[in-house]
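There are 6 protein chains.
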Amino acid sequence: MDVNNKESYEKGIDVLKKLTDEHGISMIQSYKDISPEFTEMMISFGFGTVYTTGSLELKQRTMLTMASLVSQGAFEQLPFHIRAAINLGISPQEIVEVILHCAAYAGFPKAASGMRIARDLFQELGVELPGESS
Amino acid sequence: MDVNNKESYEKGIDVLKKLTDEHGISMIQSYKDISPEFTEMMISFGFGTVYTTGSLELKQRTMLTMASLVSQGAFEQLPFHIRAAINLGISPQEIVEVILHCAAYAGFPKAASGMRIARDLFQELGVELPGESS
Amino acid sequence: MDVNNKESYEKGIDVLKKLTDEHGISMIQSYKDISPEFTEMMISFGFGTVYTTGSLELKQRTMLTMASLVSQGAFEQLPFHIRAAINLGISPQEIVEVILHCAAYAGFPKAASGMRIARDLFQELGVELPGESS
Amino acid sequence: MDVNNKESYEKGIDVLKKLTDEHGISMIQSYKDISPEFTEMMISFGFGTVYTTGSLELKQRTMLTMASLVSQGAFEQLPFHIRAAINLGISPQEIVEVILHCAAYAGFPKAASGMRIARDLFQELGVELPGESS
Amino acid sequence: MDVNNKESYEKGIDVLKKLTDEHGISMIQSYKDISPEFTEMMISFGFGTVYTTGSLELKQRTMLTMASLVSQGAFEQLPFHIRAAINLGISPQEIVEVILHCAAYAGFPKAASGMRIARDLFQELGVELPGESS
Amino acid sequence: MDVNNKESYEKGIDVLKKLTDEHGISMIQSYKDISPEFTEMMISFGFGTVYTTGSLELKQRTMLTMASLVSQGAFEQLPFHIRAAINLGISPQEIVEVILHCAAYAGFPKAASGMRIARDLFQELGVELPGESS
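Chains as they are written, first to last, in our numbering: chain A, 474 to 607; chain B, 474 to 607; chain C, 474 to 607; chain D, 474 to 607; chain E, 474 to 607; chain F, 474 to 607.
In isolation and in its complexed conformation, chain A is listed as follows (with noise of 0.2 Å):
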């Protein structure tokens, strides 16, 4: 890893660090055996230098990438998201607004997929659903 960029490295690992746990980082960090590159570069530049720069909070920021991950169909991702944003503090229920919200702007197919995802991930960390308690 070039010395240039380590300083937006290490931002990068305390933005993962409020995303998620040592079980996320590994995750991000296990694409090094694919191409150690590209895995810098989601840290260094995604996470150290996109989710550091300007005013906005993170929780904002995780809202936008589920609603980015849902719209372009981009679902692989999606479970590492919704960790992130259970960790921040945004509530299942908020979860699921967000992705129904992308219904109307990306169609109920996607926002359909969305749904499925966010289910399996609750049921598999015993969050209980939404839907459950009304």
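Take the hints with a grain of salt, since some may be wrong.
When chains are identical, the list treats them as one kind, so a pair holds in a single copy or across two.
The list that follows gives simulated cross-link-like pairs (lysine-lysine, DSS-like), each with its CA atoms no further than 27 Å apart [as the list claims (entries may be wrong)]:
hint	residue 1	residue 2
1	479	505
2	505	490
3	532	491
4	505	491
5	479	532
6	505	484
No lab work stands behind these hints, which were simulated from the structure alone.
Given the structure of chain A, go ahead and fit chains B, C, D, E and F onto it with the hints provided.
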């Protein structure tokens, strides 16, 4: 559920009864645990309003739906609508032609995924594959 | 042009004669200056092979095409196919219903762009807008 | 318009009054000439139902909307929602940060188109560009 | 199969023999049970016509194909083309660089899915991962 | 601009000097009025880091970029990269072949938009169109 939309909801259930069976309706309603609002919107707005507005027939709408799903790569919902197509009397050959048409407009890779999903479903349902008799 | 595909090319021209007029065929052929191969493939493969394989009618194919274009946001080719729809006897109301169907499956923004394009074209062609008489 | 949805329609108009001005509402209603049904659905379902379901604030929803539009490349509707953002008190700097966030998640080209559209609109509205004072 | 396209079909098989092995050709031909027409079009048009038109080399075309698949999120066909890349002598490191390039142009989430698929395939094939030796 | 990224920024400017001319660099830098951070990221991360990591040549990267842009329908940035292709010595014929390759992988409509944009640019630049001499 808002009484205001009760009529649309019932129209949606009526449409669903033509598209699917009890199992399919249960599948749609199973989203209630994660989001009763999303479930209500799919049924009232999606099936109850969009599907009942205007003059297009259910067969036409289901063919358009399959083309939309393949063209945007939203494959998770494709089996539900291929099942609906079969229930409405659209032949397996016609279903395959819809997906093949998308090869020209959305590229071979998305059409190939659609073909694989159709084959898996036809085999699960015991429907003779369109290419087997030719 | 490869003599091998001459038959497909002529079938493509025959399909185009049903979808469009001399002006439309010239428009398709105008890509020859940038790529004779691409032009030949559109006509021989797209219109000559895909459009003539199987049992779907031209009206059905044109409705599927409009749904595919709106759902993937490929709007530049939409006017050509809306014109084709009109030439085939699909009513302006039905064209609007195809786009509206996509609102549920691909979101309101893409449907709104489709509606704006349909309106612009209907006005250019002097076709009464579906909402004006209601 | 179906009396059944009158309440949702009025809720949609109320939401629109917070997002936009008379000119913006007229713009939404201008789709009536091409499709009164589509116009009614955008207002009743989109703004009247989706925007009023759950606990997210209008500011949050508008930020999610901008992220969804940029991420799926549906730029034609972006100016309407950037105007809404300004009306709701979201700063030009925050609007730019939402688009910048999408650079990481949906790539630089879509973010660049979003930036160009925001700049054009800010200049049209006489809003100082976020980069000019820095 | 139309004798008219026999030459293109044979050219397609010749291209496939350079891209893949018997197993890969069988995989492409396995679509015959669901749609002999689609299978024929993939081979005659896709591999027989598009891949043999013009001056680009097979290596270049395969790199473009990988970039196209990652950029549109059409991941199901990616393993076939990564295998083709390896068969053509494109190094695992170069394959990873193509996917990494897409991170900037189509966003990190699609690139991350591409990286995961490449890793899974390299491990299945016993290819040393590019990051392991560094 | 963060001094930390000064080296990457300068590497990005060096890459840009090979891809474009003073006018092109000014165009990239013109985003500074809307977002100096975005401009810095495009140059430092996009051109300075992604383009300089690994062994792919600039010609290869520019071909991949064109395929990515066409395949995701991000056409606004396509002229910049077609100009870059010409500056790097990629022939108009090869540019057209890249777009044509995308017809098979992302559908004819996106390829047709790419062809139209290439033609407009070639005409603006006084470059002989590839189809005119054939």
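So, going through the hints one by one against the coordinates:
no.	hint	verdict
1	479 <-> 505	both (16 Å within a copy, 25 Å between copies)
2	505 <-> 490	within (18 Å within a copy, 31 Å between copies)
3	532 <-> 491	both (10 Å within a copy, 24 Å between copies)
4	505 <-> 491	within (21 Å within a copy, 30 Å between copies)
5	479 <-> 532	within (25 Å within a copy, 30 Å between copies)
6	505 <-> 484	both (18 Å within a copy, 24 Å between copies)
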